[in-house]
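Could you put together the complete structure from these sequences and hints?
Protein chains: 2
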Amino acid sequence: MSETTEKAKSSNVVWHCPAITRELRCQLNNHNSVVLWFTGLSGSGKSTIAHGVEDQLYQRQYRTYVLDGDNVRHGLCGDLGFSNQDRQENIRRIGEVARLFVDAGMVVLTAFISPFRQDRARVREILGEGNFYEIYCRCSLEVCEERDVKGLYKKARQGLVKEFTGISSPYEAPESPELILDTDQLTIAECVEKVIALLDKTGS
Amino acid sequence: MSETTEKAKSSNVVWHCPAITRELRCQLNNHNSVVLWFTGLSGSGKSTIAHGVEDQLYQRQYRTYVLDGDNVRHGLCGDLGFSNQDRQENIRRIGEVARLFVDAGMVVLTAFISPFRQDRARVREILGEGNFYEIYCRCSLEVCEERDVKGLYKKARQGLVKEFTGISSPYEAPESPELILDTDQLTIAECVEKVIALLDKTGS
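So the sequences go chain by chain: L and A.
Just so you know, we're using the numbering used here here: the first sequence kicks off at 1 and counts up by one.
Just so you know, we're using the numbering used here here: the second sequence kicks off at 1 and counts up by one.
What you were told as hints is all true, and nothing was included just to trick you.
To spell it out: a stretch of chain L is covered by chain A in this simulated footprint if at least three of its residues, at any positions, have a beta carbon under 8 angstroms from a beta carbon of chain A; those stretches are:
| no. | segment |
| --- | --- |
| 1 | 19-30 |
| 2 | 46-57 |
| 3 | 87-97 |
| 4 | 102-109 |
Derived from the structure by calculation, the hints contain no laboratory data.
Remember, it's a predicted structure, so these values are computed and weren't measured experimentally.
Beta carbons are placed, not taken as given, at the ideal position from N, Cα and C, and that holds for glycine.
Structure representation (structure tokens):
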């Protein structure tokens with residue numbers, strides 16, 4: 001064994017692996033990290049509100065990230081379909097990624113229908129108490145269907161999209177979410193304001 | 001339909017969805033986002049060096065995150081084993097998560113053996129040119145096996161761990177990595193310095 005090898009090995013042994021923790025990151029960011037988990041029917045405003053909140057938080061120099069269908073469904077979860085099992089795995093992976101972002105000191109906003117109580121409960125468990133705020137975008141099916149931004153309700157009614165939440169697959173409303181937004185009564189700006197108030201109230 | 005509903009729907013239509021982009025985040029962070037992908041045998045120093053680099057970057061107020069076995073194998077990839085197919089899927093998911101972190105404006109450091117050229121090439125493709133720096137922690141099997149920090153080489157020699165990279169499964173060395181660290185000749189501090197120099201040189 002060469003001397004240099006010896007040196008490297010020794011230094012490896014005595015090297016104290018520095019740990020940049022979540023606490024240190026939050027200190028640097030000057031805010032706490034948390035998941036804002038938006039749930040609700042397609043068209044209930046989840047993604048729009050999440051991006052609106054992100055915009056407000058950016059003005060405060062918060063470090064944020066929105067996870068939604070656009071950046072997750074074709075990438076990380078590109079191998080998954082829409083069977084119950086695949087939907088469950090989809091939400092599990094999103095929960096795990098959200099956990100990593102929270103550990104990284106960020107406010108992560110997720111915008112997925114996430115229709116099943118059990119899946120959301122599992123994510124809450126993964127994240128741990130105080131790290132997961134469930135935000136229910138409550139909106140009547142009638143209004144969501146009238147909006148039909150993506151034209152999916154029409155397709156679901158025609159039977160072209162199977163197991164569509166609200167039409168051919170159930171939506172299980174949250175029983176005790178941290179926040180309810182009645183998105184068929186409030187403006188987007190009012191919804192955004194309520195989410196910001198939640199963060200302020202909880203000191204995030 | 002009530003008036004409030006009408007109001008909400010209208011505001012939803014005119015609402016301009018604000019987009020906080022990667023560029024804006026990097027501007028806020030005051031640095032570029034990139035993946036530092038450490039690859040090499042078990043015991044070659046990947047994780048130690050990654051954490052050392054992170055420590056240095058934290059002093060510069062960089063926003064960073066290390067993905068390694070500790071925070072990925074039991075969570076996001078907890079459903080995967082060590083078959084070739086599962087290893088491939090493991091690296092794919094890590095690549096996709098790294099992509100999200102890069103989009104979020106962060107410097108993400110990954111520390112996985114990632115023994116197969118094809119898997120690493122796929123991650124490079126996912127990330128896109130200029131966003132992926134492959135860092136080869138080059139170290140002889142002899143030295144890695146002598147270090148055997150986790151006792152895995154001993155188990156592999158005893159046949160208790162199957163398909164162990166370097167012993168019973170191949171390691172395909174990078175052909176044109178952005179950086180080679182001879183970790184059996186350099187100290188950890190020297191390795192860290194070289195990675196920082198790479199970042200400085202490329203303007204990240």
